[in-house]
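> Spelled out, the chains give:
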Amino acid sequence: MKFRRLEIVRLPGIDASYSLEKLGDGVHVVVGPNAIGKSSICRATRALLWSDESGSAVTAHARIDLDGESWSVQRDGARHVWQREGVECAPPPLPARHLQDCFLLDVRDLMDSGTESGREIAKQIRLQMAGGYSLEEARSQAVERVGRGFAKKECRDVDAAAGAIRKAQLKQEALAEREETLNSLEQTIREGENARVRQAHVATALELVGLREQQKRLTAELDALPPACGKIVGLELDWLETAERKLEEANEKVAQHEGELRDARNRIVESRLEEPLEASELSAWRQRADSWAQLALRRETAYGVLAAEKKKLVNASRVVGGSEDAPPELALEDDEELYRYLREATEVEQGRAALEQRLRLLSGHDFSVEQKKQQQLGERAAEALRDWLRAPDTGGSEIRIGGLTRVAATVVGLVVAATGLALGIAFHPAFHGVTGAGLVWAISAWLLSSSDDRADAQQKAMDAFPPNVDAPASWTVASVNERLREIDQQIAESRASEMRARDRSIERAGIESDLETARTREQSVRDRGEELVARLRLDRVPAAAELVDTARALIALREARDAEAAAEGRCGALDLDFEAKREELGNWLVGLGEEDPQDPEAAKALVHEVEELSRLLVDSRKDESRASDDLESAREKMRSSEEAIAKIFRDADLEHGDRAGLSQLLGKVERYQELVNEVGGLQTSIGIGERKLSEAGESALANLDQSDLERESDRLASETAAADDARTESAEIAAEVKQASEAHTLEDLIASHDDALAMLADKRERGLEALAGDFLLDEVKTEHETKQLPAVLKRARDLFALFTHHEYELGIEPEVGGSFIAVSSRTGVGKQLNELSGGECAQLLLAVRIAFAEEAEGASPLPLFLDEALDQSDPARFDLIARSLGRISEQENRQIFYLTNDNVDVDRIREALQSEGCSPPAVIDLGLLRRGIAAVSSAEVLRIAPPPSVPDPTGLSPDEYGALIEVPTFDPRPAYLGQHLLYLLWDDLHVLKRLVASRIETVGQWRTLSRTEAPLAASLKDEAEAARQLDARSRLLEVFCESWSEGRGKPVDRTAIEESNAISERYLEAVATIAMELGYDGRRLIEVLQSREHPLLARFRPKAAEKLATYLEDEGYLDPRPVLDEQDLIARALASPAARELPEEVCNELLHLWWQLRAGKQ
Amino acid sequence: MTKLLAIGDVHLGTRPSGVAEDAADRGIAVQRLTPAAGLEAAVRLATEQDVSAVVFAGDVVESTNARYEAFRHLEAAVLKLLAEGVTVLGVVGNHDVEALPRLARLIPGFRIVGAGGRWECVAVEREGRSVCEVVGWSFPQRQVTSSPVADFAGSSLPPAQPGVPRIGVMHCDLDASGGPYAPVTMGELARTGIDTWLLGHIHKPSLGDTRSDNPGLRAGYLGSLVGLNPKEVGDRGPWLVDLAEGETSLTHVSNAPLRWETIDLAIEPDQQPEDLGDSVLASVDQRIRALHARGVEPSVLALRVRLTGTTRSYAAIDAWVGGRRWSDITRTVGATTAVVNKITNATELARDLHELAKGDDPPGLLARKLLILETEGAERDALIVRTRDRLRTLADASNFAPLQDLRDAADPLADEEITRALKAAGSSILSALLDQHEPTRRGEGAER
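Residue numbers (the numbering used here), protein chains in the order written: chain A, 1 to 1162; chain B, 1 to 448.
In short, the hints are calculated from the structure, not lab data.
Honestly, I wouldn't trust all of these hints.
Subject to a maximum C-alpha distance of 30 Å in a straight line, what follows is the list of computed DSS-like cross-link-like pairs (lysine-lysine) [unchecked claim]:
#, chain 1, residue 1, chain 2, residue 2
1, B, 342, A, 153
2, B, 342, B, 231
3, A, 604, A, 246
4, A, 647, A, 668
5, A, 781, B, 358
6, A, 1103, A, 1050
7, B, 342, A, 781
8, A, 1021, A, 1050
9, B, 204, B, 342
10, B, 358, A, 794
11, B, 358, A, 152
12, A, 1103, A, 153
13, A, 167, A, 993
14, A, 668, A, 231
15, B, 3, B, 204
16, A, 216, A, 668
17, A, 152, B, 231
18, A, 216, A, 253
19, A, 167, A, 152
20, B, 231, A, 153
21, A, 216, A, 231
22, A, 738, B, 80
23, B, 358, B, 231
24, B, 423, A, 153
25, A, 1103, A, 171
26, A, 581, A, 216
27, A, 152, B, 423
28, A, 2, A, 794
29, A, 794, A, 993
30, A, 167, B, 80
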């Protein structure tokens, strides 16, 4: 569809009608000042084509060529008439009215990103792209979002757990280190104990020092006193007086003892004995004298006894008839025989009398014949009664056994037994049972058959009862029984009497025999008595009592004769002994010069005298000796006293008898002795101390002076204190070790760490699964877009890339309602319409609407009306758009009207179309048309500066060429998309030149370009190897930049610091300045802030640094990962898929180049 | 016949983590589930079995907690064994290279075999005569990059005594291609002439595994004494080694107080989340009874449940799993209490991916991706590589650097991990996408 003529008769704001005539096919530039009616053209067109309601006040018409036919359309208020070839007809198919903005674009439309048509276009494109499915909705439902801070919490938990473990380990290590010191502590404790002991020795040594000092002082004082003070004790005057007194006493004693000596010697002479007699000898002679005296007494007594015995003998003789002088010859050698005879005679006589008495008692008690007859009669009666009672009671019938008589039964039993016996022997032992049964049968029958008839038996019994015996009262069982008991009683009594009579008869026979024996013995005794009487010459046998008296008298006579003989013998013996003793004593006394004693008393007196003389001699000699000793002792005392007196003076170094000198000397002795004692005491103490030190092996201490000892004491005190501390510490360590061993602290922490690791692993798994989901969705999306990309979007994307020098790529952002976005080819970051500059926004919507217009209009392209649509574009972009419009016009045979008030636009469009090889635009000067005033005053006004040319790289090194075209320094930190293409085409600067000449300078621009169907990209890839590798090189650069950025974080500039809200206004400027000084290195900035040593950071709060650090870490400004070195970085890049698409040498060259460029910068 | 008790990695000074968040509230004393408790059980077993010696294969104590908390338990165990007349031997592992020799010096009678990285032969005696010989080597430092067995032939070990069996003990990385933990090969062990090698280091027991390449050689890991984390599943405990001339029998005694298990629970396509709790409980009960039937009665059975099968309620099940509505599931049978440590959703959508993949819309394109993962090939590899490139930044992020210290840490960028993540995420997204067009789903009701 092409407008050939457009006439506007009436339109609000148009005061006079005007028309555009002879409109051509291509681009028309309608130029004119504001309010001249440029926009009215659009309004009129809108009213004509889409019956805009605002067209109620419109009157306009147009002539249109459409599909080779001539159409006209007229709008007159509400009247709207279409004609084809002069015939009124229905309007041709046109895009829906809501799409009219696609064809009628003005600045306001393009600047208004929220217009209904734009959103509608975007929505329809999006739905068309997605095939009815919302991938993003599915993504939001099924794929976890993996943001920048993904797994940060889990990582922190792991770090915290690891930190806790490390902390616990450090604590344990510290404890272990302390435990290692236990030996040392023990050593310290032992040293302390030793020090404590040695300290006592040092104290002793210090005491010794004091003692020695004191001893030295006292010794000097002592030396100043007379030496004699040391020999005396201070009591010498007393001693002197005592000695003199003793001397005097000794002299007196000498005189006394000399007198005593003389007296003793006189008494010795008086004793007449030459030597004293032994006491034992004297005692023996005294006893002999006494013995002689006692012997004399016994001799006198013996003679008295002899006289008495003689008298007894006379008396005894008289009893038996003798005279006084001639006693009878009667004697009895053995008086016992007489007594024995008397006892036997008495015994025999008594025995015989007793037997006779017994015999008399037993006579007259024999069992008579009558008694025997009565007894036998009773027995017969009793037997008869028993027979009567035993008679059997048959009841009057014969007893039968088994139906047989008793005899028959007995016979049958015997037959059966015999038969059983035969069978048992012949056949089987079991038949013996039959034998037994037969025998039992026969015996039973036999026993029964032996009984008599009762009546017969009773009668027989009654007949047998003796007639002279009382019968029972009646012949009944009771009476018979009663009578039988009486008769049995009588029989029993009779039998007992019989037995007793028989026993007495036997006893009487025995006694009679004994009596005979007794009588025989009595006769024998009587014979012995007669013999005895004969021996005593008695005329008869006297009675027993008489005979006893005679025997006694004979015994007394015999005893009197014996006693008289014994007494006489004793007298004779005493006489002999008496004479012998007298003679012995007499000889001894005469030998001593004494008289011969005549009787024991004289002898005793002489012996006593001898004893006295001997005692006198002994005592005198003792006195002599004692007096002699006392005399010598007294003389010795006298000499001793004289010597003592002399010694006192000699010891005092004085002349003998110098008492005055002695008195003077004694005045100093007390002090002398005090000094001596003190010095001695000191010496003792010193000795004790030295011995203690020696025993402790510390003798050396005794040689140290006081200062050394005090230093040693201080040192030892220090060691003791250290030991106390060590003991405390040792106990603490032991307690901590015990606690550490019994706890589960580290075990729990390790488990917590493992749990945290497991959570982190789960998180990673989820993250990877989410990324895998993202990846799948992206792949599906890309694939779907590739296969299903709507033509309108593809066209719009190409146009937008073209309009923006491939700086941007068109996208649709589902998160903002499906609106369009512009994705920077430098950074990959998408910008919404409200984030774009006015020009960029206009370019985007222009591209979209042109593309959509193409899609919506169908086969016949509608004219495009652009009302100052490029007003916001810079000259370069204006040029690009204008070229595009020219190409669109040419390629699509589309009529384009560009309405502008800027005269320069006319020339720009003309040059652009010329550069693109398009027909020049038709210029409609609306000012001239309507007001007669030309819009363009001169051609000079329309001239614009030509675009800068790109220099040729021939002969230049990459460095030189980069400097020439002002390529920024290589910096991997920004996104790789913004890197200059020089760093990818280092080896083909001509390709670079061509790209730069087309304003394609960055990697991002190239990637955008390469995705479009721009002929430049295709031609370059056809012509140069480097260009063919550009996609792979760009991906390699992507890996390099990402790897290089690891651990480096993003630059922290003022904006980042402000956005953190961590730094107060007061310090914001200072912190921003420091960040700049540090090259925007976040890590170093935090270090400086935390140290607070920078002069700009006075009173800066550490918490602010922590807050800033947290923000920077969360937002990626701080990267905790380690920085890769060249080797690791290149190794990782070489392992990437991009590297596999490139020749190895190219890879290596580029990677080393980039590393060196970056290193060179650093 | 002589008996030994062999104990693998104990790691005294640690305790299993993550049994249940509220273990104490459920009456579970985590202090009775520790390696120390496992060691007590092993000591009781040694006494009951009247063994001649107890042999530790390294990593007896956790180096980070060796000095105090671990030492107490080791000392108590060793002293009890010594009091029973049991010889106690051990080699040093990479985890206790400093700690174990020091502890051994403090516990008279605890003998380190091969201290300082040399080969040593120690005779185990009983009643005055040698009953077996233990040949061992100990880590001299934390890392040993060469094979210690390479020096075996040149070592000055005495010749074996006639009639006295000889076994080998060491802490090493078996069949590893290099690495810092004493890498050795099975072939090297076979050439030592010792036919039984008790190894420490890897926590998964493998001593009972048969090896076709060296059929006469019995070498493998004793495994950890107690499972220290949810990945250490299955039987854990010491090994009874019965030595006889020409015949050695090995018996793994599963007496660890804590047992980890992972069970797959297949759900029905129409099963709803509210029924899942009962299904899990039934499965747990069944697992406990199966263990008891084997004579294995741990105090605590900690389970990880993996929901498998296909479901029409993927999003709801995912929400049930993610919402941890299963966390209070507890079951006690006899002396065993089971808790659920984690439930993961490994179900798949009950949709015909092939039918979906016929379309060019997003579900169709996504279904194609999921189908690509089903079949090995260049296309699958390329998808994994692209995903790995995408995930690498996050996987390598410094936040996750601590995970490198995890025991048996899996490579998050390994093919199988990426495949799993893609399948899980893909199923979730596909479910969400299809929910947007619920009435017009294609392939509805079709199950694969």
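> So, for every hint listed, does it hold in this structure?
How the hints compare with the structure:
A C-alpha spacing of about 21 Å is found between residue 342 (chain B) and residue 153 (chain A), which places the hinted pair at or below 30 Å, so the restraint holds. A threshold of 30 Å between alpha carbons decides the hint, and for residue 342 (chain B) with residue 231 (chain B) the separation of about 12 Å falls inside it, so the pair holds. Proposed proximity of residue 604 (chain A) and residue 246 (chain A) is contradicted: the alpha carbons are some 52 Å apart, above 30 Å. For a cut-off of 30 Å, the pair hint linking residue 647 (chain A) to residue 668 (chain A) stands: about 19 Å separates their Cα positions.
Under the criterion of a C-alpha separation no larger than 30 Å, the hint pairing residue 781 (chain A) with residue 358 (chain B) is consistent with the structure, at around 17 Å. Proposed proximity of residue 1103 (chain A) and residue 1050 (chain A) is supported: the alpha carbons are some 22 Å apart, at most 30 Å. For the hint linking residue 342 (chain B) to residue 781 (chain A), the alpha-carbon distance of about 34 Å lies beyond 30 Å, and the restraint is violated. The straight-line distance between the Cα atoms of residue 1021 (chain A) and residue 1050 (chain A) is roughly 35 Å, outside the 30 Å bound, and the hint therefore fails.
For the suggested pair residue 204 (chain B) and residue 342 (chain B), the alpha carbons sit about 20 Å apart, so the restraint of at most 30 Å is met. With a CA separation close to 25 Å, the supplied pair residue 358 (chain B) and residue 794 (chain A) stays within the 30 Å bound. Restraint check for residue 358 (chain B) and residue 152 (chain A): the C-alpha separation of about 42 Å exceeds 30 Å, so the hint is violated. Between the alpha carbons of residue 1103 (chain A) and residue 153 (chain A) the distance comes to roughly 21 Å, so the proposed pair stays at or under 30 Å and holds.
A hinted pair counts as satisfied when its Cα atoms are at most 30 Å apart, and residue 167 (chain A) with residue 993 (chain A) does not qualify at roughly 61 Å. A threshold of 30 Å between alpha carbons decides the hint, and for residue 668 (chain A) with residue 231 (chain A) the separation of about 12 Å falls inside it, so the pair holds. Of the supplied pair hints, the one linking residue 3 (chain B) and residue 204 (chain B) holds, its CA atoms being roughly 23 Å apart against a limit of 30 Å. A hinted pair counts as satisfied when its Cα atoms are at most 30 Å apart, and residue 216 (chain A) with residue 668 (chain A) qualifies at roughly 20 Å.
For a cut-off of 30 Å, the pair hint linking residue 152 (chain A) to residue 231 (chain B) stands: about 25 Å separates their Cα positions. Our distance criterion of 30 Å between C-alpha atoms is broken by residue 216 (chain A) and residue 253 (chain A), whose separation comes to about 53 Å. A distance of roughly 21 Å separates the Cα atoms of residue 167 (chain A) and residue 152 (chain A); the hinted pair therefore holds under the 30 Å criterion. About 24 Å separates the Cα atoms of residue 231 (chain B) and residue 153 (chain A), which keeps this hinted pair within 30 Å; it holds.
Restraint check for residue 216 (chain A) and residue 231 (chain A): satisfied, since their Cα atoms lie roughly 21 Å apart, inside the 30 Å limit. For a cut-off of 30 Å, the pair hint linking residue 738 (chain A) to residue 80 (chain B) stands: about 20 Å separates their Cα positions. Taking the CA atoms of residue 358 (chain B) and residue 231 (chain B), the gap is near 40 Å; set against the 30 Å cutoff, the hint is violated. A distance of roughly 27 Å separates the Cα atoms of residue 423 (chain B) and residue 153 (chain A); the hinted pair therefore holds under the 30 Å criterion.
Between residue 1103 (chain A) and residue 171 (chain A), the direct Cα distance comes to roughly 27 Å. Compliance with the 30 Å bound is thereby established for this hinted pair. For the hint pairing residue 581 (chain A) with residue 216 (chain A), the CA-to-CA distance comes to about 93 Å; that exceeds 30 Å, so the pair is violated. Of the pairs offered as hints, the one joining residue 152 (chain A) and residue 423 (chain B) holds, with about 26 Å between alpha carbons and a cut-off of 30 Å not exceeded. Straight-line distance between C-alpha atoms of residue 2 (chain A) and residue 794 (chain A) comes to about 26 Å, which keeps the hinted pair within the 30 Å bound.
For the suggested pair residue 794 (chain A) and residue 993 (chain A), the alpha carbons sit about 28 Å apart, so the restraint of at most 30 Å is met. With a CA separation close to 33 Å, the supplied pair residue 167 (chain A) and residue 80 (chain B) exceeds the 30 Å bound.
Of the numbered hints given earlier, the model fails hints 3, 7, 8, 11, 13, 18, 23, 26, 30; all others are met.
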